[in-house]
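Student: The task is simple: from the sequences and hints, build the whole structure.
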Amino acid sequence: MNGRFLIVKLLLTTLIFLNSQRALAYSQAKEFLLFQEIPKVTSASRQVVNILESPATSSIITREDIIHSGYNSISELLRYVTGVNFFKNTESHFSIGIRGVNGLQASNVLVLVDGRPIFSPTRNTNQCSLIPEIPDDIERIEIIRGPGSVLYGSNAFSGIINIISRPPEAYNDTTVSISQGTFGDEMYNISTGKTNGQFAYKLLGSWRRKNFSADHEKPVEELLILSGEATYDFSPNSDLDFSFGFSNGKILFFPSSSLSPYYQKGFDGFFRTKLNHNDLTIDAWWRHFDTSGDFNFFDRINWYFDNLNLLVQHSSTLNVHKFVYGFETRFANLQATSYDRWHKQLLFSIFAEDKWKIDNKTNFFTGLRIDHHSEAGFAISPRFSLVFAITPSQSLRFTISRAFKYPSYLQNYIDSKLQFMSQTGNRELDPEVLTSAEIAYQIYNPSVSSLTVAAFFNKYRELIDTNVFLKNNRLNVSFSNQYDMYQYGFELEWNYRINANILFKTNYSYVWKQKKDLLTFGPVPTNQLNGEIRYEFTNDFWIDLRVHWQDKSDYTDSVKPFEILNALSHSLLPSNDLNYIYGLLAPSPSWQKLESFTLADLSFGYKPIDKEWSLVGAIHNLFHSTHSENPTGYTASTAVTVQIKYSF
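Its first residue numbered 1, the sequence shown is counted upward by one per residue in UniProt numbering.
Take the hints with a grain of salt, since some may be wrong.
Restricting the straight-line Cα-Cα distance to at most 30 Å, the calculated cross-link-like pairs of lysine-lysine (DSSO-like) are [to be verified]:
(1) Lys-344 with Lys-265
(2) Lys-645 with Lys-505
(3) Lys-607 with Lys-505
(4) Lys-194 with Lys-611
(5) Lys-40 with Lys-361
(6) Lys-459 with Lys-552
(7) Lys-645 with Lys-194
(8) Lys-607 with Lys-194
(9) Lys-513 with Lys-552
(10) Lys-513 with Lys-593
(11) Lys-40 with Lys-505
(12) Lys-645 with Lys-611
(13) Lys-513 with Lys-459
(14) Lys-194 with Lys-40
(15) Lys-593 with Lys-552
(16) Lys-265 with Lys-250
(17) Lys-322 with Lys-40
Computed beta-carbon distance windows for the label pairs [unchecked claim]:
(18) Ile-644 with Ala-437: 46 to 52 Å
(19) Asn-50 with Asn-467: 46 to 52 Å
(20) Ile-60 with Asp-554: 28 to 34 Å
(21) Ala-352 with Gly-184: 50 to 56 Å
(22) Phe-199 with Leu-280: 17 to 23 Å
(23) Asn-278 with Asp-554: 51 to 57 Å
(24) Leu-492 with Thr-62: 16 to 22 Å
Hints listed in this document are in silico derivations from the structure and should not be mistaken for laboratory results.
Glycine residues also receive a C-beta, built at the ideal position from the N, C-alpha and C atoms.
Tutor: Now the structure itself:
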């Protein structure tokens with residue numbers, strides 16, 4: 001408690017001392033704010049629109065937000081976003097959901113890097129820790145809440161997170177940064193780039209190491225990242241872009257709440273080329289993902305896959321209609337060496353979107369995407385959105401949309417036989433389907449405040465879960481479409497600039513849903529509240545405080561089969577007593593609770609005017625909360641990080 005009072009006293013002293021310097025900064029910042037515009041989003045539609053005209057509810061993490069957060073992790077940036085459900089399993093393994101859909105194997109949010117999906121088709125999960133991207137290279141992050149399959153197909157189920165990197169033109173020097181933290185955490189970044197006429201490039205490298213707060217001797221992450229991009233402008237409307245990136249290392253991974261963590265070693269790499277010529281875009285990329293892990297249930301798990309993706313898109317304007325249409329195809333080659341089986345998938349889709357400007361105040365978006373999967377067949381994703389501009393700074397929107405998620409490679413194909421059990425993939429699985437209706441009201445005054453209020457209703461169908469049964473004196477596990485579920489919710493996001501020096505942000509989200517025995521649907525709190533206040537004393541120094549609160553959440557102990565089978569594999573239960581084991585599996589799931597908690601982070605920075613260096617520090621978990629935020633029982637500790645950056 002004395003430590004908390006000491007921190008408060010130090011902050012108050014700093015505020016009083018530096019407040020006298022704010023007058024000049026205030027007048028300069030006030031002049032700058034008058035020229036700000038309503039921000040545009042690129043991920044909510046196939047057309048670039050300002051946030052008031054967006055056909056989906058959107059939030060933006062700006063580069064300024066990233067710098068002021070003091071975070072070295074992409075994941076932590078998302079905890080304080082409206083409607084985002086976030087929890088850690090370790091410092092390197094975390095789960096991200098949107099609008100009440102999350103879990104240890106969460107796969108209902110599509111994470112993109114510059115519009116390129118990074119999910120793993122083996123389990124349909126997002127491998128966020130292995131993304132070949134570093135916070136220093138992020139221009140902004142766009143979070144789209146609600147179905148997005150009309151744009152991106154499978155896995156854009158309850159939302160989209162698009163991490164947008166800085167363009168090569170933003171790099172005209174070399175920057176080195178060093179970050180050190182408690183428990184031996186460390187990160188080293190270097191970036192360089194240059195623009196020479198019509199040609200521009202950037203190159204980046206990073207190495208980071210994180211430790212488990214409960215065991216300072218065991219690293220939870222060691223990762224090397226290299227990436228680069230080059231672009232050539234043929235004309236103002238034509239350019240050719242090449243980019244690449246890879247990450248290589250290991251992370252500590254929790255497969256479920258009943259199993260011990262294990263190291264997942266992995267490589268994630270891509271090469272991409274993109275041509276823009278007037279209204280035509282041709283985008284092609286190749287991705288290779290290779291991961292292995294020492295697991296205490298199976299002897300060893302190795303996953304490999306290669307993706308080849310091609311997107312062709314064209315836009316045209318006809319009177320009051322603006323059309324975007326095209327096709328996308330992906331060839332996937334997947335293997336799980338534990339089961340000695342390769343599988344190939346061919347996915348093909350066509351899409352179209354029309355923005356109809358009915359009058360000066362009304363836009364009507366119509367979108368349709370048709371996907372075909374080699375096993376699951378066709379999936380159709382429509383979206384209809386009516387956006388009415390009440391005033392130039394206010395809008396009202398009504399949206400109806402549909403999304404889908406194809407079964408994972410594991411659910412479709414994996415057939416395995418162990419001494420005591422068999423697992424069978426199901427080639428007849430149907431896609432999971434989400435139908436959503438939403439109403440949203442927005443106010444956006446860039447120099448003062450913004451307000452978003454949204455309410456939604458979701459209906460889920462054909463949700464996939466496991467079946468456990470006895471057959472031929474063996475325990476059998478299979479997959480089938482089992483559940484329907486519905487939910488509704490409410491969101492409020494308010495940002496208010498008190499003056500040129502002080503920015504206040506807050507958001508609240510409420511979600512109610514039916515309880516279902518599904519690992520991918522829990523634990524998620526019904527209520528979440530976030531707050532942030534940022535104070536810029538001068539052009540040199542700033543301080544930022546963020547607070548997160550969430551109430552109790554329920555989840556089902558739906559991983560009991562794994563717990564029992566794990567015991568079997570270690571001879572803790574008699575493998576021939578299958579009736580006894582089946583009896584343990586048969587009862588209805590037991591519902592567990594996670595307690596509510598409050599988390600606070602404090603960051604501060606110093607950037608002298610006309611200097612090449614800067615200093616950023618952060619105190620994570622400021623008041624040393626010992627909450628458990630997920631079923632694995634992981635508890636966070638208070639951590640301090642300091643980053644020094646120098647450009648030359």
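Student: Next step is simple, just say for each hint if it's right about the structure.
Tutor: Hints, one by one, checked against the model:
1. Straight-line distance between C-alpha atoms of Lys-344 and Lys-265 comes to about 23 Å, which keeps the hinted pair within the 30 Å bound.
2. Between Lys-645 and Lys-505, the direct Cα distance comes to roughly 27 Å. Compliance with the 30 Å bound is thereby established for this hinted pair.
3. For the hint pairing Lys-607 with Lys-505, the CA-to-CA distance comes to about 23 Å; that is within 30 Å, so the pair holds.
4. The suggested pairing of Lys-194 with Lys-611 holds, with an alpha-carbon distance near 20 Å, which does not exceed 30 Å.
5. Only pairs whose Cα atoms come within 30 Å are accepted, and Lys-40 paired with Lys-361 is accepted, the gap being roughly 18 Å.
6. Pair hint Lys-459 plus Lys-552 holds up; C-alpha atoms about 23 Å apart against a cutoff of 30 Å.
7. For the hint linking Lys-645 to Lys-194, the alpha-carbon distance of about 19 Å falls within 30 Å, and the restraint holds.
8. Between Lys-607 and Lys-194, the direct Cα distance comes to roughly 23 Å. Compliance with the 30 Å bound is thereby established for this hinted pair.
9. A distance of roughly 14 Å separates the Cα atoms of Lys-513 and Lys-552; the hinted pair therefore holds under the 30 Å criterion.
10. Distance restraint check for Lys-513 and Lys-593: the Cα-Cα separation of roughly 15 Å lies within the 30 Å cut-off, and the hinted pair is therefore satisfied.
11. Restraint check for Lys-40 and Lys-505: the C-alpha separation of about 19 Å stays at or below 30 Å, so the hint holds.
12. Restraint check for Lys-645 and Lys-611: the C-alpha separation of about 11 Å stays at or below 30 Å, so the hint holds.
13. For the proposed pair Lys-513 and Lys-459, the alpha carbon gap of about 10 Å is at most 30 Å, so the pair holds.
14. Between Lys-194 and Lys-40, the direct Cα distance comes to roughly 26 Å. Compliance with the 30 Å bound is thereby established for this hinted pair.
15. Restraint check for Lys-593 and Lys-552: satisfied, since their Cα atoms lie roughly 7 Å apart, inside the 30 Å limit.
16. Taken as a hint, the Lys-265 and Lys-250 pair is honoured in the structure, with Cα atoms around 4 Å apart against an allowance of 30 Å.
17. With a C-alpha separation of about 17 Å, the suggested pair Lys-322 and Lys-40 falls inside the 30 Å cut-off, and the hint holds.
18. The hint said 46 to 52 Å for the Cβ distance between Ile-644 and Ala-437, and at roughly 50 Å that hint holds.
19. The beta-carbon spacing between Asn-50 and Asn-467, approximately 48 Å, falls within the hinted interval of 46 to 52 Å.
20. Between Ile-60 and Asp-554 the CB atoms are about 31 Å apart, so this pair conforms to the stated range of 28 to 34 Å.
21. Between Ala-352 and Gly-184 the beta carbon distance is about 52 Å. The supplied range of 50 to 56 Å therefore holds.
22. The given range of 17 to 23 Å is respected by Phe-199 and Leu-280, whose C-beta atoms sit roughly 22 Å from each other.
23. In this structure, Asn-278 and Asp-554 meet the distance hint of 51 to 57 Å, their C-beta atoms being roughly 53 Å apart.
24. Taken as a hint, the range 16 to 22 Å holds for the pair Leu-492 and Thr-62, whose Cβ atoms sit roughly 20 Å apart.
When held up to the earlier numbered hints, the structure conflicts with none and fits them all.
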